[in-house]
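Chains B, C and D: place on chain A using the hints.
4 protein chains.
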Amino acid sequence: MEEKTIEAGDLILLTSQEGKEFLVTAEERVFGTHMGNLDLGSLLGMPWGSTVTTHKGKAFYLLKPSLHDLTRHIKRQTQIIFPKDLGFILMKLDVGPGKTIVECGTGSGSLTLALAWMVGSTGRVISYEKEEKFALLAQQNLKRVGLDQRVVFKIKNAREGFDEEGVDALFLDLRTPWEYLDQAHSALGGGKTLGILVPTTNQVTKALEKMEEGNFAYPEVCEILLRYYKPNAERLRPQDRMVAHTGFLIFARKVYKNPKSIINERREKP
Amino acid sequence: MEEKTIEAGDLILLTSQEGKEFLVTAEERVFGTHMGNLDLGSLLGMPWGSTVTTHKGKAFYLLKPSLHDLTRHIKRQTQIIFPKDLGFILMKLDVGPGKTIVECGTGSGSLTLALAWMVGSTGRVISYEKEEKFALLAQQNLKRVGLDQRVVFKIKNAREGFDEEGVDALFLDLRTPWEYLDQAHSALGGGKTLGILVPTTNQVTKALEKMEEGNFAYPEVCEILLRYYKPNAERLRPQDRMVAHTGFLIFARKVYKNPKSIINERREKP
Amino acid sequence: MEEKTIEAGDLILLTSQEGKEFLVTAEERVFGTHMGNLDLGSLLGMPWGSTVTTHKGKAFYLLKPSLHDLTRHIKRQTQIIFPKDLGFILMKLDVGPGKTIVECGTGSGSLTLALAWMVGSTGRVISYEKEEKFALLAQQNLKRVGLDQRVVFKIKNAREGFDEEGVDALFLDLRTPWEYLDQAHSALGGGKTLGILVPTTNQVTKALEKMEEGNFAYPEVCEILLRYYKPNAERLRPQDRMVAHTGFLIFARKVYKNPKSIINERREKP
Amino acid sequence: MEEKTIEAGDLILLTSQEGKEFLVTAEERVFGTHMGNLDLGSLLGMPWGSTVTTHKGKAFYLLKPSLHDLTRHIKRQTQIIFPKDLGFILMKLDVGPGKTIVECGTGSGSLTLALAWMVGSTGRVISYEKEEKFALLAQQNLKRVGLDQRVVFKIKNAREGFDEEGVDALFLDLRTPWEYLDQAHSALGGGKTLGILVPTTNQVTKALEKMEEGNFAYPEVCEILLRYYKPNAERLRPQDRMVAHTGFLIFARKVYKNPKSIINERREKP
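Protein chains in written order, with my numbering: chain A, 59 to 328; chain B, 59 to 328; chain C, 59 to 328; chain D, 59 to 328.
Everything labelled a hint here was simulated from the structure, so no lab data went into it.
Heads up, some of the hints might be wrong.
Remember, identical chains collapse to one label, so a pair may be satisfied in a single copy or spanning two.
What the hints assert, rightly or not - Each computed DSS-like pair below joins lysine-lysine, with the alpha-carbon atoms no more than 30 Å apart: (1) K288 - K264; (2) K78 - K264; (3) K288 - K133; (4) K116 - K268; (5) K201 - K214; (6) K212 - K201; (7) K62 - K212; (8) K288 - K188; (9) K116 - K78; (10) K268 - K78; (11) K62 - K214; (12) K268 - K288; (13) K268 - K62; (14) K62 - K114.
Isolated chain A (complex conformation):
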């Protein structure tokens, strides 16, 4: 269980009654907002979940940001992967403490953060990004939440191949995933899961076409819709509008084109 009170360096999700949120670090400085000023230093030692008020009398709860909050609050220069998709990706990619996961297309680092969180201190995330500015942004985002030590950022295009072998899962978040499938196959451990995110149906078609060559089995294509309700007991109803699309998710298993030979190979071993 975690500490009960706020300590220096902790990230705090300041949340107003109306749900307005600010993600700040507990340190000796004054945080100014149009709702008033708040002396962040005075928050040290306060219990999580308690309330403070700005000099204008506006109340804020002091919440420890959850993984869900952290991925929503990363600084972004790219489209990020949404929490609704992240949770399912973690399940499908078999992410957990101690795992080694490769992602390609770091972007702003929302998946990187979720992966780093879940692999724990004994796991490892290797994240490829060809644009240096995105890699640096993601690194900053991970550093802010104290998870950067679990990630190896590589500023390079993985089209020439990944440096790793036998990894536990690999995720492609880039425009032309079909150009990276052979490389992903080489990097993945036998039977492990490849994940892909693409926004258009045309890209899904191209990725599936490439998979038909036989290196990946059981391709699954899906999309996840998250619908929020107005949390009003007496007038319960879905929100008026919702996010209708972020992307299509594709998952498949690394297998070997000609399974027979593998079996024979194995059987010839003593």
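Using the frame of chain A, we list chains B, C and D on its own:
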């Protein structure tokens, strides 16, 4: 990274070309199916992702089951929580290595399994279930995947209260969650997240009504829809039918009814 | 088939290349917009589907508004019923040429318009509205499209009962439909369909509870989701956001509480 | 308003308490089902909405089938267009009394039936189908509901062109709609709406590509999801499963490739 070959005691997801799945343990015995017999002992030492054939010539891939697979394949006597919901629950409850999570309503143990997986060897899951038969089933399910040591099963109705305090998150999967909110509040750490799953809108209304008393802030109500597509490159289209509903998810943060007093209390400290 | 060219008094849907729409009447006047001025009189005699340009050189197509367009473009002071729901309502209520339909809760008249359109010159719509200002607005909306002669507007609260008997269908679009079920039963013909629209689950529950008294059989509750795609051949994908909720639709059939007596009554007849 | 009692030749929707349905014609014969026999002749003169019992004591309501019921109960040898889509198609195609509508790909005739219903006795439906057996089946289906006189069935492939000009709307329900767009353009009146139904995203892409040539403006692509709820007041919740996909709907307006010339042409007229 994990071992490359199958070892005694490993769980194997035998998967046919058509996607027919069997979850078996690698051991010296013959596994019989209508697709033919398979000598499981002969699989020891084979690389993950390779193929074997039954005595009838039917091919199966040898896959290491993912967290997604494991939660789908638990033995069940109750409605289970679906993977589409599990992933999002993990994100919202801030589950990760080292956390202490309480759930109430073990059922067959699908959430228990996902929680135990993600908290790692340094974390802890405490699972309450009033029906002994469900608790025992869940325990078996966890034992099969080697995660039972991370879980404390408690066969008791938590209506009289949870034994824990300051836990990192708490999940209620039972018929009348509104009767357990005060108890959940006592068990949760300050600002931590409560999660609830209920199938009907009437239950959502009752839970929200109880939350209006003020112990929990920022209630969110949502549902997750997972839509699969036929993975056919030339004829890409959604599946004809889908799961339309499993349950409504409710999340809220533990706060204190009268925040002022807490602040004062703190300020009186030196 | 309809006339090929624009005649005085026709409603025209001026639509720009980008889809900006204006619904205007063909008459001798200048129509001014920020995209330039257009001499509406000069459009008389032009073929439908052709293009005109404003004095600023901005091109507009001359389209005859469809029923879908007309319901979207009514002047509104209330929440309107959306086209996605209207089409399904027409099918369920068995609306068609020559039918007599009652609606209660005229609002701005979007359903009134669709009903008037479909019952044709031989049918009849009776529309109840307790707020005079809404009834007048709806009447104007119907008049603009030339369908007001098919509608009888009644400014009264139908809680005291409908004046009609044996009508072909009846629709309730008001806050407390459960208070109008007995009245609706009296107005409907035997076996005819009642339709209801309510935004919240609490209202659905109350309406269903009232229906359990037995006057209405086969209650169906549903919601319709309409998802638009970006019409880009090379980058086909759903729109980023969508309308997530307008209302729940309830349909049921008028039957008789004690069917036995009805049958006996009939059998006693010679 | 329609007749209050059942007359010879009327279609009756016999519906049991559990919702089991049979569509029968009122005539002098005995209708046998596993729930018992029913003398259909004895139903003549009974009021709609009343109840009868089979010789086994099983009760059935006597309901007049709605348009929604009729389209669900047509005899089918092909995939039919679902009511959820039909209603929206009617709105978008501007169908109503007196209109002339062309459809291509009669299939089993579910859209044909809805169109014939809505155009009334003063309208006309022209339905193309290259397979004679489907055209005959659809004709039977329309005859059974007494609407066949409003439909002209044409057993021919419209790829060589439609015989009509200036029609009010045109709908394509066939495998390769992009091969019929020029023909549809010739048949449609200026500014009128073309509708298309296709099941796959690949077909949507091909249709949109063809439309980019400029003959059709404002292409819209959408899909309609209909979600039913269990109509239980105390346990209100969506059904467990639903139809996840029937097809993608495409709508566009007939315009002219080079609008300038049309305008000029018009202006040259006196």
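Checklist line | 30 Å Cα threshold - placement of K201 relative to K212 | finding: within (16 Å within a copy, 39 Å between copies)
Check: How do K62 and K214 come out at 30 Å by Cα distance, when the copy is not named: within, between, both, or neither?
Finding: between (42 Å within a copy, 27 Å between copies)
Next item on the list: Measure nothing new, just compare the shortest in-copy and cross-copy C-alpha distances for K116 and K78 to 30 Å and report within, between, both or neither.
Entry: Within one copy, since 11 Å is at most 30 Å while 43 Å is not.
Notebook entry, point to check: Using 30 Å as the alpha-carbon threshold, which applies to K268 and K288: within, between, both, or neither?
Noted result: The answer is between: 16 Å across copies meets 30 Å, while 43 Å in one copy does not.
Margin query: Within a copy, between copies, both or neither: which one fits K268 and K62 at a CA-CA cutoff of 30 Å?
Written below: Cα proximity of K268 and K62: across copies only (26 Å, versus 52 Å in one copy).
Notebook entry, point to check: Checking K288 and K133: alpha-carbon separation at most 30 Å within a copy, between copies, both or neither?
Noted result: both (28 Å within a copy, 27 Å between copies)
Check: Which holds for K62 with K212 at a C-alpha limit of 30 Å: within a copy, between copies, both or neither?
Finding: Answer is between: at 25 Å across copies they meet the 30 Å cutoff, but 37 Å inside does not.
Notebook entry, point to check: Checking K201 and K214: alpha-carbon separation at most 30 Å within a copy, between copies, both or neither?
Noted result: within (20 Å within a copy, 43 Å between copies)
Item checked: Status of K268 relative to K116 across identical chains (alpha carbons, at most 30 Å) -> between (56 Å within a copy, 25 Å between copies)
Item checked: Alpha-carbon proximity between K288 and K264, which holds within one copy, between copies, both or neither at 30 Å -> between (39 Å within a copy, 14 Å between copies)
Check: Given a CA cutoff of 30 Å, do K78 and K264 count as a within-copy pair, a between-copy pair, both, or neither?
Finding: between (41 Å within a copy, 26 Å between copies)
Checklist line | Intra/inter-copy verdict for K62 and K114 if alpha-carbon distance must be at most 30 Å | finding: Within one copy only: 27 Å inside, 61 Å across.
Going down the numbered hints, you'll see the structure goes against none, and every one checks out.
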